[in-house]
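Participant: Each chain is listed here by its residues.
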Amino acid sequence: MDKIEKAAIGIGLRSQHYQAVLDTQPEVGFLEIHSENYFNAHSKNHYYLEQIAPNYPMSFHGIGLSLGSSEPISKQHLKKLKILVDRFQPALVSDHLSWCSLQGNFFNDLLPIPYTKEALNCFIDNVNQVQDYLQRQILIENPSSYLEYKTWDMSEPEFINQISQQTGCGLLLDLNNVYVSAINHQFSVQEYLNILDHKAVQEIHLAGHTEKTIDNSRLLIDTHSTFVSQSVWDIYQQYLSDTQSEAITLIEWDVELPSLDLLVTEAGKATDIRAALNNKIMMPEVTR
Amino acid sequence: MKLNRLQKQFSESLFYQHDEIINTIKETQSVSPLARLQVYRNSFIMGVTEALAITYQHTYALVGDEFFNSVARAFILAMPPLENNIMTYGEGFNEYLESLPQLTEMPYISEMARFEWLLEQTSNSQIENKIFDTSQLALVSESDLGQITFQIPAQISLFKSEQNISHLYHMLMTNEVLESDLNVPCYLVLKKQPDFRIEIINLQQSEFLLLKKISVGNTLGELTALGLEQQLPSLLENKLLNGFTIHKEKS
Chain A
1 MDKIEKAAIG IGLRSQHYQA VLDTQPEVGF LEIHSENYFN AHSKNHYYLE QIAPNYPMSF
61 HGIGLSLGSS EPISKQHLKK LKILVDRFQP ALVSDHLSWC SLQGNFFNDL LPIPYTKEAL
121 NCFIDNVNQV QDYLQRQILI ENPSSYLEYK TWDMSEPEFI NQISQQTGCG LLLDLNNVYV
181 SAINHQFSVQ EYLNILDHKA VQEIHLAGHT EKTIDNSRLL IDTHSTFVSQ SVWDIYQQYL
241 SDTQSEAITL IEWDVELPSL DLLVTEAGKA TDIRAALNNK IMMPEVTR
Chain B
1001 MKLNRLQKQF SESLFYQHDE IINTIKETQS VSPLARLQVY RNSFIMGVTE ALAITYQHTY
1061 ALVGDEFFNS VARAFILAMP PLENNIMTYG EGFNEYLESL PQLTEMPYIS EMARFEWLLE
1121 QTSNSQIENK IFDTSQLALV SESDLGQITF QIPAQISLFK SEQNISHLYH MLMTNEVLES
1181 DLNVPCYLVL KKQPDFRIEI INLQQSEFLL LKKISVGNTL GELTALGLEQ QLPSLLENKL
1241 LNGFTIHKEK S
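Chains as they are written, first to last, in the working numbering: chain A, 1 to 288; chain B, 1001 to 1251.
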């Protein structure tokens, strides 16, 4: 297993870029894949992963565990994930604070869970089951959401902290998701981040979103189809400055993919922000 | 409300069975609960439709954007994904298309979908590199000869249609649509290559029938009447067989 260096900046590995990654070996700190796309060991995706993975530290990010579901984790899914993880030994394995399947149906989406004690206990049981089976820690990512339930016992960051404290899992902080949810539900990004346990954050996601007008109101949709917005860059800069976090950072882009060069350039913005903050720390202001 | 009941209501609302879940959604001064729920409904249908459009790209090209999206939506609601992995979704789409009255006069559309599903399965198959050592056949005793069953490599699939799907596929791939009679049967072998291309081999009807019998485990004794002797060299040349076993009846 190749460890990912502290504060490394990475990009998502997508099939459209396989050959370009092999040919140009871009200088990024790590690559992240969507685990489910590589479950079939005879697929083209798997073939390319075998060529590319030896050259980069890897992070495996899933959407299929359905950790927030009231039903047990799919053993079949977990088994396939373990085979993949055992084969490639990625530095990190992650999934979401959401549910995506029920009664045998899969919705291919990150559906919201109510932040109640019952849902918390259920989520904790599921995370424990996954970590026990994989024999390793996983990270949990905060989702973008478009609705809130009337019934709740705690806020989202409090819910996440509880999961981390009671399971030992790490956190994957998606700052675009925090921003999208904050606009959609009218809460303060800063207050959200003030509650979150930053020591547990091991990875940060940055992505682009799309703005829609619904019922004459603004709603942001987490589309991963464009550049990271300036608002999210500002939050990222402030977050790093406030917390001195050494979490790694991923630029996520899944739809209407740009060229590999452009994606690497976008990742370079994160590198620049980190470098500027480091210089500021190393060169304190001269006092008169 | 219990978590399981809430999630059941949510999933039923994604299938448009009812809207009861909106009673659990916080009301705001901006976007209504129903509109917020609709974001998830749209995301579910659009995300899965996108996966279908990738697998069935040529079927999509044949029917166009509007019709494909409308049929995909109906298919997804009737036969949703069952595995927590969208990569495996799409089986049965051809049968769904075949059942649509609007497509009765265009049977090649559902046949193209059936062909594309098989293409996808073939491209995800294991490649067996074993080479048929024909000299081993000479070592088989005469009494066992009739009990031989041949093996077909895992990277090979068989496709038969009453429509000339191979011709239609070629036209779509080359973007050269020519006036042609599609009501001509085709007998195809789909063979995965190490570079993940799928080689498409057109067979004679007799060759196809023979391979089909081999694929279901018919013995040499049962195949002799189908002209195996004449067709064996061509099957071996195309590497459509990669070995044999002697089938012993259990006593």
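If you are wondering where the hints come from, they were derived from the structure by calculation, not from laboratory data.
Positions of the beta carbon are idealized from the N, C-alpha and C atoms, including for glycine.
A hint or two may mislead.
Stated by the list, open to error - If the Cβ cut is set under 8 Å, some of the chain A residues that face chain B in the computed set are:
| no. | residue |
| --- | --- |
| 1 | GLU36 |
| 2 | ASN105 |
| 3 | PRO114 |
| 4 | CYS122 |
| 5 | LYS150 |
| 6 | THR210 |
| 7 | SER229 |
| 8 | TRP233 |
| 9 | LEU257 |
As the list claims (entries may be wrong) - Some chain A residues flagged as far from chain B (calculated, every beta-carbon gap over 12 Å):
| no. | residue |
| --- | --- |
| 10 | GLU27 |
| 11 | SER43 |
| 12 | GLN76 |
| 13 | ASN121 |
| 14 | GLN129 |
| 15 | MET154 |
| 16 | GLU191 |
| 17 | ASP261 |
Participant: Against each hint, give a clear statement of whether it holds in the structure.
Facilitator: Cross-check of the supplied hints:
1. GLU36: For A:GLU36, the interface hint holds, since the closest Cβ of chain B sits about 4 Å away, which is under 8 Å.
2. ASN105: 5 Å, holds
3. PRO114: With a minimum Cβ separation of about 6 Å from chain B (threshold 8 Å), the hint on A:PRO114 holds.
4. CYS122: 6 Å, holds
5. LYS150: A:LYS150 check passes; min Cβ-Cβ to chain B is 5 Å, inside 8 Å.
6. THR210: 11 Å, violated
7. SER229: 19 Å, violated
8. TRP233: 25 Å, violated
9. LEU257: Violated, about 13 Å.
10. GLU27: 28 Å, holds
11. SER43: Contrary to the label, A:SER43 does not stay out of reach of chain B, its closest Cβ about 5 Å off (not over 12 Å).
12. GLN76: Label violated. Min Cβ-Cβ 8 Å, cutoff 12 Å.
13. ASN121: The claim is violated: A:ASN121 sits with its nearest Cβ about 9 Å from chain B, within 12 Å.
14. GLN129: 15 Å, holds
15. MET154: The claim holds: A:MET154 sits with its nearest Cβ about 15 Å from chain B, beyond 12 Å.
16. GLU191: 18 Å, holds
17. ASP261: Non-interface label stands for A:ASP261: nearest chain B Cβ at 24 Å, farther than 12 Å.
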